[in-house]
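J.: Residue numbers (my numbering), protein chains in the order written: chain W, 10 to 317; chain E, 10 to 317.
If you're looking for bench data, these hints aren't it; they were derived computationally from the structure. Small disclaimer: the values here were computed from a predicted structure and weren't measured. Wrong hints could be hidden among the right ones.
Sample of chain W residues facing chain E (criterion: CB under 10 Å; computed from the structure) [stated by the list, open to error]:
1. Gly78
2. Thr80
3. Met84
4. Glu85
5. Leu87
6. Pro168
If you want the ones that stay clear, here's a sample from chain E, every Cβ over 12 Å from chain W, calculated [what the hints assert, rightly or not]:
7. Glu93
8. Asp142
9. Phe175
10. Arg220
11. Pro245
12. Asp299
13. Arg305
Just so you have them, the derived chain E footprint on chain W, three or more residues with Cβ under 8 Å [to be verified]:
14. 48-55
15. 88-95
16. 109-119
17. 124-130
Don't be surprised by glycine CBs; every beta carbon is placed ideally from N, CA and C.
Here is what each chain is made of, one letter per residue.
There are 2 protein chains.
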Amino acid sequence: MIIALAGGVGGARLAHGLARALPPGELTVVVNTGDDFTHLGLNICPDPDTVMYTLAGLADPERGWGVEGETFNAMEALGQLGGENWFSLGDRDLATHIERTRRLALGEPLSTIMADFCARLGIQHGVIPMSDDPIRTIVHTAEGDLPFQDYFVRHRCAPAIARLSFKGTGDASPSPALNDLMQSDRVRGVVICPSNPFLSIDPILAVPGVRPWLQGRKFPCIAISPLIGGKAVKGPAAKIMAELQLDAKPRAIALHYQGLIDGLVIDQEDSADAFGQCLVTSTLMRNMADRERLAREALSYLESLRIV
Amino acid sequence: MIIALAGGVGGARLAHGLARALPPGELTVVVNTGDDFTHLGLNICPDPDTVMYTLAGLADPERGWGVEGETFNAMEALGQLGGENWFSLGDRDLATHIERTRRLALGEPLSTIMADFCARLGIQHGVIPMSDDPIRTIVHTAEGDLPFQDYFVRHRCAPAIARLSFKGTGDASPSPALNDLMQSDRVRGVVICPSNPFLSIDPILAVPGVRPWLQGRKFPCIAISPLIGGKAVKGPAAKIMAELQLDAKPRAIALHYQGLIDGLVIDQEDSADAFGQCLVTSTLMRNMADRERLAREALSYLESLRIV
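Chain W on its own, in the form it takes in the complex (with noise of 0.2 Å):
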């Protein structure tokens, strides 16, 4: 079993590589849930949507985010009685929301939930929740305090970042799927997605064992570096980045992955700051062949890195 650590958007992608790679069954993407937040009434899931939605063939390929072919009629609907629609929510989207929340509040854990929906969605692979229990995420700004999507949506990632914090992590537990391979002798490897180190992957490890079980491994870990060139695919990586006053280079995201990774896969643009345990090769995933060739690569190169 390979594990993958997966947040948003090029998580989403590497994720939907790896689970072309590997065969069913040897695949489990665990994902952030610590930009989830209620709206509208709604239980809305972002970084779990976006990997469910790519591993399904249904995600939007330009905007990463939401269904391809996507309508926004409710949302249009709802700007004209009043309602609040500075987070977009699309038509086919708003489905999964509305089931969801039907769900949790009949008192479903998210997990169960999640795995029944990528089972109806043909995902062959395990999606996991990083945690059934509210874990959020909340970044420390000289304007305040601001919950994720406040940040991320609203604010469009203006403020300056002082700090993250991961509420709710005292009273949390790792998903019981999680659970259950943190304590199997089946875990082959662990792959630490393109995915913000920040935003999406620092949550994860914020969940009470997470970190100690990756620091006291008897299997590899790599990581590949969201960063190409100094500048994040998408999102605010470097920016964040340069506010924790971070050089946004390989050797940077090695350092906060520290004791964690075997080894960093870095983009061939960034060759002149490759240091001992890199892959250098490119990173950037504009289609489903880019996809595939990083994930192989990646697997090729964790194998690599197993300790004989």
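Chain E: place on chain W using the hints.
T.: Positioned in the frame of chain W, the structure of chain E alone reads:
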């Protein structure tokens, strides 16, 4: 002030005609909420929404329910996720339910939410629910007791009705605006719209205080028969009358409203069955002109019955 009691499509259409015939501030439409139900975790109010969409000029002219030009992408996606899609909700319509559910959950009464929605959609007349308290129509059939939408949509009105009851009336009050009108001397007359007497009007009459208020009226009250040539234009009125051993003729409608109305408007197809206090005209509303003409004729008739 003219008060119209209305339920589904026929009621909404006459209410629309009345809204065109009367200046703003001189019409209040009191709408049946006995069909309201919770579905997919959302509060659905079929009759209030039909009246609202119709008066706002948004209603689908063919279907009668829902919004014109509606898409059903959320329902299709919901089906793929294994959700219940037997009750079809359009994408634009969903926004109404989502926003209403959110506001109800915050403790806001249905009538203020409806007033706000109607104002935002440009409706200049009052549209008020019969009550802010939950009243639910129960259809008692040989196959058991069915919640209204189960009977109406899921079973397509097939089970024979033995009787109807309106759950929750014991603890219910008229909505504040209806209560104010019931205590004011501003009411010039009441029009019972050509809605189903059993399913749409009886729930309104079952709200505590409404029937005695009409019985003790100092203003005229008329009903428009929903029958044309022994059939309902839409819906199961004639079928239900047969099941209740009633003749689907104007007199049975008049007897149903005995003590409550001073006159009955019937269609010319039923002229042979006219009796004492009847206005015979064309009651079929195919277009906007029909709605307005029937409304004006009904208002003149109502005026002619005024106790001088």
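J.: Take the hints in turn and mark each one as holding or not.
T.: For each hint, the structure was consulted:
1. Gly78: 9 Å, holds
2. Thr80: Where the cut-off is 10 Å and the nearest Cβ of chain E is about 5 Å from Thr80 of chain W, the hint holds.
3. Met84: 7 Å, holds
4. Glu85: 7 Å, holds
5. Leu87: 4 Å, holds
6. Pro168: Cβ of Pro168 of chain W sits 27 Å from chain E, so the hint is violated.
7. Glu93: Violated, because the least Cβ-Cβ distance between Glu93 of chain E and chain W comes to about 9 Å, which does not exceed 12 Å.
8. Asp142: 21 Å, holds
9. Phe175: 27 Å, holds
10. Arg220: Non-interface label on Arg220 of chain E holds, nearest chain W Cβ at 34 Å vs cutoff 12 Å.
11. Pro245: Its Cβ never comes within 12 Å of chain W, the nearest being 29 Å, so this holds.
12. Asp299: 28 Å, holds
13. Arg305: Correct as stated: the minimum Cβ-Cβ distance to chain W is 30 Å, above 12 Å.
14. 48-55: holds (count 3)
15. 88-95: holds (count 4)
16. 109-119: Per the Cβ count (3), the hint holds.
17. 124-130: holds (count 4)
Comparing the model with each earlier hint shows violations of hints 6 and 7; every other hint is respected.
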